[in-house]
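Colleague: Make the full structure from the sequences, and use the hints.
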Amino acid sequence: MYGVTFKQLQAFVVLAQEQNFGRAAERLHVTPPTITATIKTLESTIGMRLFDRSTRSVTLTVHAENFLPIAERLLDDLARALEDLKAFKNRRKGSVIAIGATSFMAHVLAPAVAKLASSSPEIKVRMIQESTLRVTQEVLDGKADFGITALKETGPDLVSIPLVTDKFGIVCHRDHPLAAQDGPIELRDAARYPVIGLNHANGLQIALAANNRIPIEFRSPLREVSTINLMEPFLEQNVCVALLPALGARVVQRPSLVFRPVRIALSRNLDLILPRHRSLTPAAQALIGLMCEQLHLLRNEPMLRIANSMEELRALTTVV
Numbered sequence: 001m002y003g004v005t006f007k008q009l010q011a012f013v014v015l016a017q018e019q020n021f022g023r024a025a026e027r028l029h030v031t032p033p034t035i036t037a038t039i040k041t042l043e044s045t046i047g048m049r050l051f052d053r054s055t056r057s058v059t060l061t062v063h064a065e066n067f068l069p070i071a072e073r074l075l076d077d078l079a080r081a082l083e084d085l086k087a088f089k090n091r092r093k094g095s096v097i098a099i100g101a102t103s104f105m106a107h108v109l110a111p112a113v114a115k116l117a118s119s120s121p122e123i124k125v126r127m128i129q130e131s132t133l134r135v136t137q138e139v140l141d142g143k144a145d146f147g148i149t150a151l152k153e154t155g156p157d158l159v160s161i162p163l164v165t166d167k168f169g170i171v172c173h174r175d176h177p178l179a180a181q182d183g184p185i186e187l188r189d190a191a192r193y194p195v196i197g198l199n200h201a202n203g204l205q206i207a208l209a210a211n212n213r214i215p216i217e218f219r220s221p222l223r224e225v226s227t228i229n230l231m232e233p234f235l236e237q238n239v240c241v242a243l244l245p246a247l248g249a250r251v252v253q254r255p256s257l258v259f260r261p262v263r264i265a266l267s268r269n270l271d272l273i274l275p276r277h278r279s280l281t282p283a284a285q286a287l288i289g290l291m292c293e294q295l296h297l298l299r300n301e302p303m304l305r306i307a308n309s310m311e312e313l314r315a316l317t318t319v320v
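Quick note: the sequence shown, position 81, residue 81 per UniProt numbering, numbers continuous.
Just so you know, the hints here were simulated from the structure itself, not pulled from any lab data.
Ideal Cβ positions, reconstructed from N, Cα and C, are used throughout, including at glycine.
Certain hints may be false.
Subject to a maximum C-alpha distance of 25 Å in a straight line, what follows is the list of computed PhoX-like cross-link-like pairs (lysine-lysine) [unchecked claim]:
| # | residue 1 | residue 2 |
| --- | --- | --- |
| 1 | 124 | 86 |
| 2 | 86 | 115 |
| 3 | 93 | 167 |
Here are the simulated distance ranges between beta carbons [said to hold, decoys possible]:
| # | residue 1 | residue 2 | range |
| --- | --- | --- | --- |
| 4 | 114 | 201 | 27 to 37 Å |
| 5 | 293 | 253 | 16 to 26 Å |
| 6 | 300 | 73 | 50 to 60 Å |
| 7 | 7 | 226 | 51 to 61 Å |
| 8 | 118 | 37 | 17 to 27 Å |
| 9 | 6 | 226 | 50 to 60 Å |
| 10 | 184 | 222 | 20 to 30 Å |
Modeller: Right under this line is the structure:
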């Protein structure tokens with residue numbers, strides 16, 4: 001390939017437009033001898049004269065006339081590409097893919113996305129609801145920029161940063177006997193009623209199934225659904241109760257349903273999962289930064305505890 005530089009192309013286009021070395025040099029903020037040398041180097045590189053020179057004017061050769069619109073287009077394309085790069089860096093353009101826990105994405109990430117859409121409407125955001133077991137693999141494979149999961153076993157190629165801990169409680173219909181109880185509910189009392197839970201690919205159910213302090217009715221429920229959303233019709237019909245963390249309970253928050261704390265100390269930890277050896281895009285940095293702001297707004301919620309990792313997260317979202 002010819003070793004033609006950006007500076008040479010720019011000098012060629014400007015000289016072709018001005019047809020005068022002095023005016024071309026002035027536009028490029030260089031001296032006339034400098035632009036003369038640049039054009040001579042370009043002609044030498046491609047082995048062809050581009051300009052016919054006289055004492056009063058500079059005109060393009062026939063071949064140069066054919067090349068001029070191509071050179072102008074190349075410079076325009078490069079200028080637009082550089083502007084796009086600047087826009088990506090300044091978080092005006094780009095894309096980000098987030099994957100993970102439905103409850104977190106619905107009540108923390110979705111409001112952050114709304115703020116991002118307001119400040120950077122050209123950033124494309126994709127949110128994927130996926131089973132807990134798939135989250136880490138999708139981030140590892142580069143199919144998602146980051147994930148939110150309750151599983152901490154991430155492996156050496158991923159970074160796990162604590163985000164929030166939410167306490168479990170019982171979700172039931174407001175006409176259910178458990179709704180009328182004063183104080184925290186004993187799980188053994190709740191287990192006397194039909195229970196609905198999540199399938200065993202879900203991180204919530206994995207954690208519950210491994211906890212022997214929890215009655216078997218909650219560890220291996222007779223009724224299973226794939227997502228928290230699918231619990232809603234059963235709960236609204238007052239035929240089941242569910243054991244859910246606080247953020248998960250918000251997914252089925254309805255006037256007909258109540259969320260009651262349980263006596264046992266039971267909580268879920270949600271972590272941010274990032275690739276260890278792949279830098280975050282500016283768009284992903286922007287979304288995580290807004291996510292931190294949304295978490296901060298939840299700091300006074302009695303059933304939630306925000307992790308002491310906000311400074312670490314803010315450092316990740318700083319554009320150099």
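Colleague: List in ascending order the numbers of the hints, as given earlier, that are violated by the structure.
Modeller: Violated: hints 3, 8.
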